[in-house]
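Using the sequences plus the hints, can you model the full thing?
Here is what each chain is made of, one letter per residue.
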Amino acid sequence: MTEAAVIAVRALTKAFGARPVLHGIDLDLRRGEFLGLVGPNGAGKSTLLRILIGLYRRSAGDVRVFGLDPATDSLAIRARCSYLPGETSVYLQMTGREFLAFAQSFQRQRDDVLRQRLEDLFALPLERRVRSYSAGMKQKLAILAALSAEAELYLLDEPDRALDATMRAELRVVLQELHRAGRTIVLSSHHLEELQELATRLEFLRDGRLVPAVEVERARSRLLHRFRVRLAGDRALPPGCRELQRDADGMLVLESDGPPLQWLRQLDPAEVRAAEIGHTRLEDLYQLLFLPHLDAAGASAADAAAARATR
Amino acid sequence: MIAAKTWREVRYMALVYVLLLLLLDLPVILLWPTVYDDLKKSSLFKTLGIDFMQRIGTGITDTREEIAYRNWIAVMLFFRAVNLLGIAAAVLMGTALFARERETQTLEFLLTRTVSRGRILWQKSWPTILCVAVPIFAVNASAVYWSRVIELDLPWGPLMLASLHGSLFVLAILAFTTFVSVLSRVQAHVAFWVGGVVVLQIGIYLVPRWRPWSLFRLSDFDWYGPMLAGNIGLDGMFDPVHGAGHSAWMVLAIVLFYGLAWRALHRLEP
Chain P
76 MTEAAVIAVR
86 ALTKAFGARP
96 VLHGIDLDLR
106 RGEFLGLVGP
116 NGAGKSTLLR
126 ILIGLYRRSA
136 GDVRVFGLDP
146 ATDSLAIRAR
156 CSYLPGETSV
166 YLQMTGREFL
176 AFAQSFQRQR
186 DDVLRQRLED
196 LFALPLERRV
206 RSYSAGMKQK
216 LAILAALSAE
226 AELYLLDEPD
236 RALDATMRAE
246 LRVVLQELHR
256 AGRTIVLSSH
266 HLEELQELAT
276 RLEFLRDGRL
286 VPAVEVERAR
296 SRLLHRFRVR
306 LAGDRALPPG
316 CRELQRDADG
326 MLVLESDGPP
336 LQWLRQLDPA
346 EVRAAEIGHT
356 RLEDLYQLLF
366 LPHLDAAGAS
376 AADAAAARAT
386 R
Chain D
31 MIAAKTWREV
41 RYMALVYVLL
51 LLLLDLPVIL
61 LWPTVYDDLK
71 KSSLFKTLGI
81 DFMQRIGTGI
91 TDTREEIAYR
101 NWIAVMLFFR
111 AVNLLGIAAA
121 VLMGTALFAR
131 ERETQTLEFL
141 LTRTVSRGRI
151 LWQKSWPTIL
161 CVAVPIFAVN
171 ASAVYWSRVI
181 ELDLPWGPLM
191 LASLHGSLFV
201 LAILAFTTFV
211 SVLSRVQAHV
221 AFWVGGVVVL
231 QIGIYLVPRW
241 RPWSLFRLSD
251 FDWYGPMLAG
261 NIGLDGMFDP
271 VHGAGHSAWM
281 VLAIVLFYGL
291 AWRALHRLEP
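As they're listed, the protein sequences go chains P and D.
Residues 76 to 386 in my numbering are what the first sequence spells out, letter by letter.
Residues 31 to 300 in my numbering are what the second sequence spells out, letter by letter.
Treat the hints loosely; a few may be bogus.
Quick partial rundown of chain P residues pointing at chain D, CB under 8 Å, derived from the structure [unchecked claim]: (1) Ile128; (2) Leu130; (3) Arg153; (4) Tyr158; (5) Pro160; (6) Leu167; (7) Phe177.
Estimated spans, in silico, between C-beta atoms of each pair [said to hold, decoys possible]: (8) P:Arg132 - D:Ile232: 39 to 49 Å; (9) D:Gln135 - P:Leu201: 49 to 59 Å; (10) P:Ala240 - D:Leu160: 41 to 51 Å; (11) D:Gln135 - P:Asp187: 20 to 30 Å; (12) P:Ser209 - D:Pro242: 55 to 65 Å; (13) D:Asp183 - P:Leu201: 51 to 61 Å; (14) D:Val164 - P:Asp101: 46 to 56 Å; (15) D:Trp243 - P:Glu227: 40 to 50 Å; (16) P:Glu290 - D:Leu298: 28 to 38 Å.
A few chain D residues that don't get close to chain P, going by computed Cβ distances all over 12 Å [said to hold, decoys possible]: (17) Leu74; (18) Asp81; (19) Phe82; (20) Gly89; (21) Thr91; (22) Leu114; (23) Ser146; (24) Phe167; (25) Ala218; (26) Tyr235; (27) Gly263; (28) Asp269.
Derived by calculation from the structure, the hints in this document are not laboratory data.
C-beta: ideal position from N, C-alpha, C; glycine also.
Right, here's the structure in full:
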């Protein structure tokens with residue numbers, strides 16, 4: 076492990092009884108990186124984070140966080156880490172203020188400036204009992220407790236769960252600031268657009284395995300042929316392109332055989348109301364990597380539509 | 031902070047427990063002269079088919095009031111203080127310790143803080159131990175004082191030893207409940223399992239042939255009676271080789287169950 080490596084995972088395997096959850100994970104994270112963990116429910120994202128923080132024991136392999144083994148040195152790791160659990164973990168019988176004081180009693184260092192800012196931002200009724208909070212308010216309180224710890228590494232398991240769009244945007248700004256301040260962050264989320272915006276690196280977990288970089292690159296290359304266009308009228312598409320999806324607002328998701336721009340040149344410019352080329356959406360990448368059946372179904376439907384149009 | 035949090039969670043239960051102990055303790059002492067007169071006239075206990083009830087009846091209707099009164103206190107220790115309120119308090123306070131944390135999904139928060147699992151167990155346990163054991167010891171031991179109000183004397187030493195044993199018995203139940211609480215995901219399951227064990231033990235106790243295998247044999251009238259009569263001392267309580275050593279088994283059970291709870295918590299993956 077290099078000096079700058081914050082996390083080094085080798086051949087990590089985790090099974091609950093006979094049920095394997097993680098298989099041979101290899102992962103390195105350098106200081107200052109912002110890693111986004113992407114994967115469907117049950118892919119093993121939370122389990123990986125729980126092993127890193129020392130909550131779960133690995134079945135095989137080697138894990139190092141700050142050069143320490145979470146199985147034996149979890150307290151030393153946690154002293155430099157802030158972890159936000161995947162399930163909202165707050166004490167209902169406490170007031171918001173009491174919960175924050177309780178959470179901070181375990182923190183070696185606090186970022187009081189950030190805490191005050193988050194308090195102002197979230198505007199939580201901290202004198203009220205947590206029992207009376209909504210799901211979103213409870214999550215805000217958990218985030219407030221996790222982010223007000225001054226840590227070198229933040230392990231955040233779906234922090235944006237139950238937050239509305241405005242709060243998600245605000246959280247995004249805070250996380251960007253933390254990252255700019257040199258903190259290392261691992262973020263698991265199902266909000267793919269936000270992950271794409273925040274993370275300097277993405278890792279995809281599928282059935283407990285990291286999707287190989289080659290496969291991700293292949294999918295990315297394929298996505299270079301995928302583009303969006305909104306056309307005037309309802310004419311049949313010129314050959315060399317398949318319709319994958321048609322949104323309610325008339326936007327088409329197409330996949331061309333050659334470069335999209337070359338295909339678009341076949342159209343009369345007056346017909347093209349809007350076009351988006353060359354932007355690899357994480358959502359599309361996710362669909363290719365995790366939902367190939369949907370992609371294939373979309374393609375078949377498009378082929379059938381094209382065949383009908385030809386007849 | 032964990033200890034303070036635990037205290038906040040159990041303090042009202044502890045208060046109710048103390049009040050109930052006092053409520054059930056003072057009248058039975060202060061009303062003893064009246065009760066004794068009525069008991070002497072009654073043949074209820076002697077006609078009961080259950081052997082230990084007959085022994086209790088014989089004991090508390092002894093013609094020597096001092097002996098009868100000691101037996102009365104032994105009955106109170108057996109039924110009321112230890113095996114009724116003591117067990118109830120231990121189970122009620124013990125079930126919540128870990129199972130409720132799992133149920134409300136806060137255990138993950140707790141186990142990922144900068145505090146070891148052993149320390150979590152300790153900081154959750156000691157306030158509960160104090161809340162369960164101190165009141166029962168203090169209320170039982172206070173019988174020395176209240177007995178003087180009705181102009182009867184209780185021997186200070188034997189009563190302290192009997193109160194100590196009662197507290198140890200309740201602590202053993204608390205330790206067992208804590209262990210089951212670590213293993214369980216739902217608080218109601220802890221109550222079900224511990225309650226089930228207690229009911230089973232009561233059933234075993236009621237059958238004379240099986241009674242030696244009942245845990246209640248370690249804390250019943252046949253134990254407290256001789257103890258208050260001064261026939262079982264400290265050595266008899268803690269020496270299982272030469273004496274009954276019931277208190278030694280209690281201490282062993284407390285250590286064993288807290289040890290098992292620590293081991294289970296150490297391995298726990300919530």
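| request: Compare the structure with the hints numbered earlier in the document and write down the numbers of the violated ones, lowest to highest. | output: Violated hints (numbers, rising): 9, 15, 23; every other hint is consistent with the structure.
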